[in-house]
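Colleague: Single-letter residue listing:
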Amino acid sequence: MNRQTNRFAPHPTLGGGRIDRSSPIGFSFDGQRYSGYAGDTLASALLANDVHLVGRSFKYHRPRGILGLGAEEPNALIQLARGNRSEPNLRATQIELFDGLDAASQNRWPSLKYDVGAVNSALHRLFPAGFYYKTFMWPASMWMTYEEVIRNAAGLGKAPEGPDPDRYEHMHAHPDVLIVGAGPAGLAAALAAGRTGARVVLADEQAEFGGSLLCEDDIAIDGKPAADWVAAVVAELASMPEVTLLPRTCVHGYYDHNYLLAAERVTDHIGAVVPNTPRQRLWKIRARQVVLATGMLERPLVFRDNDRPGIMLSTAARGYAVRYGVAAGRKPLIVTGHDDGYRTALAYAARGAQVVAVVDLRPEPKGPLVEAVRQKGIDILAGYSATGAFGGHRVEGVDVAVMTPDGSGLARATRRIGCDLVAMCGGFNPTVHLFSQSRGKLRWDDGLDAFVPDRIHDPVGAPQASVGGAAGTQTITAAVKDGIKAGLEAARATGSTARQPAAPKVEEPGSGEHRTLWVLPSEKPVGHQGKHFVDFQNDVTAADLGLAAREGYRSIEHVKRYTTTGMGTDQGKTSNINALGIVAATLGTDIPSVGTTTFRPPYTPTTIGVYGGRNIGKLFDPVRTTAMDAWHRANGAKFEHVGQWMRPWYYPKAGETMRQAVDRECLAARNAVGILDASTLGKIDVRGKDAAEFLNRAYTNAWLKLGIGKCRYGLMLKDSGFVMDDGVTTRLAEDHFHMTTTTGGAAAVLGHLEEHLQTEWPDLEVYLTSVTEQWAVASICGPKCRDLLAELCDDIDLANEAFPFMSMKEGTVAGIPARVFRISFTGELSFEINVPRRYGSALWNALMAAGEKHGITPYGTESMHVLRAERGFVIVGQETDGSVTPTDLGMDWIVSKTKTDFIGKRGLSRPDLMLSDRKQLVGLLTEDPTEVLPEGAQIVAQLKPQPPMVMLGHVTSSYYSANCGRSIAMALIKGGHGRKGETLSVPLAGKTVRVTVTDPIFFDPEGSRRDG
Amino acid sequence: MADAARKLPEARSPLAGHTGPAGGPHHAGLVLREATGLSLINLRGEAGKSFAGHVETVLGAALPTKPNTATQGDGVSLIWLGPDEWLAVSEDGDSGALCARLEEAMTRVHHAVVDLSDNYAVIEVSGHAARWVLAKGWPQDLHPTVFKTGACSQGMLAHAQIVLERTDEDAYRLFVRPSFAAYLWDWLVDAGADAGVRIAPS
Amino acid sequence: MQLVPCPWCGPRDDAEFHYGAEAHVARPSVPADCSDAEWEAYLYLRRNTKGPFAERWNHAHGCRRWFNVIRDTYTHEVLASYKPGEAKPDIGETDRAQKDA
Amino acid sequence: MAASAGRLGPTTKQRYSIFALARNALGYHEGWQQAWRSPEPKKAYDVVIVGGGGHGLTTAYYLAKLHGVRNIAVLEKGWIGGGNTGRNTTIIRSGYLWDESIKLYEHALKLWEGMSQEINFNVMFSQRGVINLAHSEHEWREMRRRYEAIRLNGVDIELVLPDEIKRLVPIINIDPNIRYPVKGGILQKRGGTARHDAVAWGYARAADELGVDIIQNCEVTGFERAPAGHIVGVQTTRGFIAANKVGCVPAGHSGVLAEMAGFMLPIQARPLQALVSEPIKPCIDKVVMSNAVHMYISQSDKGELVLGAGTDSYNSYAQRGSPNHPEHLMAATVELYPITSRLRMLRQWGGIVDTCPDASPIISKTPIPGLYFNCGWGTGGFKATPGSGHVFADLIAHDRPNALAAPFSLDRFRTGYLVDEHGAAGVAH
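Chains as they are written, first to last, in this note's numbering: chain A, 1 to 1012; chain B, 1 to 202; chain C, 1 to 101; chain D, 1 to 429.
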């Protein structure tokens, strides 16, 4: 294990950083063992061990080091762990160190030091932005080969090998005030809002609250170090019952009406499995008020070869020193146009580093910070440009030169200064991603050289405020003051109030005017020597942006997509504004007129698994089961999904194929007793004096005169004239009906009817109530089923005269109060026995026991399909697909000729629904009776040796029918009703089957078996 | 319905055989129990008319008219489901008799009285972590100041559509279609893992 | 996730609702008198306004009632919600442009 | 057609190739011309195309190339390719159900196959294969009907069973006990993906070479008609532009333009959301679509998994949707592709799809003579891009639809002729 050579010794007054030097943590990177401390990130620990080379850039495979301190990091992308828990593309700056952490660099082969991909950097002239649009087109056949090479070179990390062992969950929250970001502004806002007793959620992506204050050692609040104020505020917030503190929680998505998503890392930092605890939790937050306190991000400077490892943002360099006690370099050089850069010089000098120089873009930098650095005897090169950096796997120095007054060129020759760390400060961007996601309008602030929030999108529906750095505020004093004001106003707007807390006294270094140069001038024009990186991750240079503008890709959205700037995993956090500045200059216009690209969620990449939550596996979607489900499972049923229902498909006995089982079930149904669980059919209670009139309007046939206790089959259309559902409705009383629908159509039919009642015919006195699951239904059929029922029911006269077809009797079956319907979907004598669901399995068991001697045989949906097809009954959803009319189905008999209106009537008389050659329902018999056509097969009149050929229609249902002793099929074919007796062809892959068109009824055409 | 003189066979509740044995850690934050034997009657009618009076006389509880509230009577609670729809929940298990009395009172009034005692499974969710666990799958605000005792609401708990009623400080009652009951029970047990789950005898 | 104000249950997530497109498109009282074009207009032709739009929502997972909302289909601001049968607030819409086929 | 004013021949373009790249590398790539000119709009054109997406640009290209119309303008209210062209999940296939749809989408697929070479712009059309999965018996039966209809229309298609699907897509979960098990599917080997932005830029460049004026930041605000009713031009944010014929191809905004022209369409503008993961090494090279769980997946050349969902159910022009759809999409993705759980979503967005009651497009004359509409593509627009432009150019040039476009007239909603690509309306029994 290397000693941590780059740790600063703890400073007598400034301390040793927020790490715990008493608890070392062992970890490995690319197989090499290192150690860090509790409180380190992987990045700070690597730097502590003098590891700067951490990755290879996406396109040119240039060696890359750590650039940032947190979410903005474009380079240090890490593959964490191995096997099923492996995770690609994590930012080392955001991985909290834990014992045994196993990290690897990405996008390099064979190793980080010696990467073959670096050849791209050597041949970089051949790979300008968008080169791939201009080549790989010849010869056309080679494209897929070229693409294979591109795909294997692309991508950064690798997906894990197997399924994710960790669990995730969601959590809904409804705070009065959501505060995003727990820096000075956010903490102040939370304090002000929390003290009113309002419901407050304070979320921050870091493990500790405090934001930028954690990385500064030159700020005092109320006379004490800023960290003490942070600790005090957090302690008070923790004591408030209605305040929820969410560290390690990144609010990453801002949607309509103050609905925000945040992902909490619950156990990632522990690096061990915690039982009964999700790895991450997705907070779904509906906030009445939102306060955005998301701070600022520092901009890098664009100069030649500004991507050498060891060149990083100034606040990052300072953060490693102050927060983690790490010397990112022993001989730092600062390049800045902003006073803030001087704080980094002071921080390093105070800790014993030898600050080589401060290169200041401004000709006459002045102010307290500048004076402090001067007094330290540090060389300040005013009005200088960093013309370029040099070094291979580590920066070794920069070339500097005096600039011309306007900063466009060099006034004198360059000279070289050696250093081992370059801390660059290109200015600061308010973090406006969430504000922009909420569709707020930004405006360009010339003073700041940055976009700041301007107009909130929907102040009434989604009230919101931005404070602190996120609003472009420059000082901690103003940030805290604004935070208090915004927090209190937000709480008051939701009805809670309290005295406004006094703003604490903040002592902080003042800073003066800054200077922004989008590209630092060097000896050669941009693009002629070296690479001026704008987007470090996607290897986009200033020259690429110039090329895009030159080729006519002028809109910033075109520039972004053509050069892919800002499209990496850092989403342009360090590159977007620099790119805008350069594009505006290239087009000879200003940034406001170039505009910005749209900020899209998430703020930082978010785990797909946390969005899935616990709605996966067994809980992905409900499986609806009937009251008799336990029996079906116990008796070896094979199941079929029907919508969300799980229905018995067939009941194979030992060794039976599906075909054999279905044949046995169908024969038993017509020769002994078949029993089907029909509980899943939709059932609707229809009540009210206008119930019959309502049915008259909903169905195609007549309902007014249906007798009490009588049943009638109904076909339901949409107003387009196409069939949507069917079922049997029974009149229970003058004003009371019991309607059934198909299993799949239950919700749609209830919705369709309820919509017409509420919005078209509110005057009708009709109430609908779903009773689908009140009743369990066992349907028995076959010649012996009356005898079976008679054994279990002695209070209903089951004789045909007393209990005719399509009628209903109430009585007791197997001791259970029941409604018995003479409804038959098989064409056999049939009784559908409805009992309250709680007695469903008792009824089924009683029928099975008593039915033993009658040869009772359970049958599933497959046999039900065969039996009904034998009788020519259609199934809505199988014979129909939303474009079929009653006439097409040969069901003119059910369409009332006398009613002036019903839903669908006017639709039926539209021209294309009246054509004689529409696709119409027919039966098909194959020449070879054992040949079963595949459902969906197409029927052709003129057979061709090869496709294409004109198709007449398709097979909707097709089975082997044991009862008919042959295969049977139904089909919808053009002009079908006029084609009875014709012979047609069904061309399948490999063979063609000859078929004869018949009536779609294959068994007991006269219906003689119906009454047993 | 024929009288129940004959011995009724065994009735199975929607979650029979699924909840597993009663028991679990005493300190469990989540306590689950299937409530059985209740009469659940769906009522539809016009709140402002005599329909409301008939309901009150028969059930002994005033019809709630404020959306998403429930009123309690002696052994009965009336849950608002819509501007002209309520669910009466009675501890008197003879739902047939209750329906008959209601029907008789309302012969001349536009109404619907439908016995749904088997159309719902009823799951009682209680314990100090009840709200925390429900909030994992229930998008509406459950804060005590917003969803007070006696409040009710309809919506989706995970992927099941339910009626949710707050019956006490840390106690809720869930009404869900029986075919979704097993799914919802499994979801609750899974979501309660971090709080500890105890199954109370039903 | 928009907040849709159900006139009975109050504001709820849009995932609780079923959408019904343009409001105030009544089913013709005597369909038999409608031309094919008029029936097409009832079946399929709906305003598709960008901006304040009178539309129908059904609180499918809640009280199951249909109601109308004025919502801006671009900014998603919700301007009003009202029960069926209540008059449509004026949002400056011209009357339904009839297809003069 | 008005005689085209005295314009010189179209500006000839440098040929794109590896040699051109090498040549320009020597001059620091400062020698490349503009891909398209972005001129100021002229006062009058023979034909004005409203909508600068893929469909609008291909229409202009084919009008100029095949029908000899030289005086064309494409008016785009924002930046070309900024609408659905820049927001879709780039899937290309022709495996539809109805003959009319199969013929139109296959026509487009054939045009895709020669596109990069024809417009000398690499659109990276990658025929890696598209699989539609069936997750229930009912869906498997529907899939079989689609398979037979496609096959007999002479289009390449294969039935594939779970084991074969696992071989083609190693990361898929074919466990028969998951909630929506893979029952099988159909594979179209010639289907695949393409780089969507490149289609807009490539056709803009090719159309510009033929003299088409591509005018961005020019929103149409009204239509002008002659007393007799014929279209005579459009009002725009950059002034009035005369035209003898106007072809509108504005995708999500078709309802807005129709209302401006005084007639209504059966179109609703609905959000369609999609998302990409962070770029990873190749782990899936097929495109796989699952209707039952509203989820489809492919992997871009850069390494990002591209995931798409079904549309949101409400009207919206906000180019964004509700987060419950991506949430369900990602639950389905983890269910069918378990290794994706620890990958991370990089970016999510939405487009405005113009949905039709029968999920089929409208390529049609309109009640206003000289005004033509091409819209209603819903979620199927990108794959149809060259085919749509080809037939729409033909319609505009000849003022009548050809055989491919005829079934998609606006009139079909009046007559009841339905090309319903929703698939089976309900669930059987």
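If you're looking for bench data, these hints aren't it; they were derived computationally from the structure.
Computed from a prediction, not measured in an experiment: that's the story for all the values here.
Glycine is no exception: its CB is placed at the ideal position from the N, C-alpha and C atoms.
Keep in mind that the hints are not guaranteed to be accurate.
Derived contacts from chain C toward chain A, CB cut-off under 8 Å, selection only [to be verified]:
(1) M1
(2) L3
(3) R27
(4) A32
(5) S35
(6) D36
(7) K50
(8) R65
(9) H76
(10) E77
(11) V78
(12) A80
(13) S81
(14) Y82
(15) G85
Colleague: Next, verify each hint and record whether it holds.
Modeller: Okay, the hints, checked on the actual structure:
Hint on M1/C holds. Least Cβ distance to chain A is approximately 4 Å, under the 8 Å limit. Here the hint on L3/C is kept, as its CB sits about 4 Å from the closest CB of chain A, short of 8 Å. Interface hint status for R27/C: upheld, as the beta-carbon distance to the closest one in chain A is roughly 5 Å, under 8 Å. Hint status for A32/C: holds, given a least beta-carbon distance of 6 Å to chain A, under 8 Å.
With a least beta-carbon distance of about 10 Å to chain A, the hint placing S35/C at the interface is violated under the 8 Å criterion. At about 6 Å, the closest approach between the beta carbon of D36/C and any beta carbon in chain A falls short of 8 Å, and the interface hint on this residue holds. With a least beta-carbon distance of about 15 Å to chain A, the hint placing K50/C at the interface is violated under the 8 Å criterion. Interface restraint check: R65/C against chain A, minimum CB-CB distance 7 Å, threshold 8 Å, status holds.
With its C-beta approaching chain A no nearer than about 5 Å, H76/C sits inside the 8 Å limit, and its interface hint holds. At about 5 Å, the closest approach between the beta carbon of E77/C and any beta carbon in chain A falls short of 8 Å, and the interface hint on this residue holds. Proximity of V78/C to chain A holds as hinted, the smallest CB-CB distance being about 6 Å (cut-off 8 Å). For the restraint placing A80/C at the interface with chain A, the shortest Cβ-Cβ distance is roughly 12 Å, beyond the 8 Å limit, so the hint is violated.
Interface restraint check: S81/C against chain A, minimum CB-CB distance 12 Å, threshold 8 Å, status violated. Using the Cβ-Cβ criterion of 8 Å, the hint placing Y82/C at the interface with chain A is not satisfied: the shortest such distance is roughly 13 Å. At its closest, the beta carbon of G85/C sits 7 Å from a beta carbon of chain A; the interface hint therefore holds under the 8 Å criterion.
Checked against the numbered hints above, the structure violates hints 5, 7, 12, 13, 14; every other hint is satisfied.
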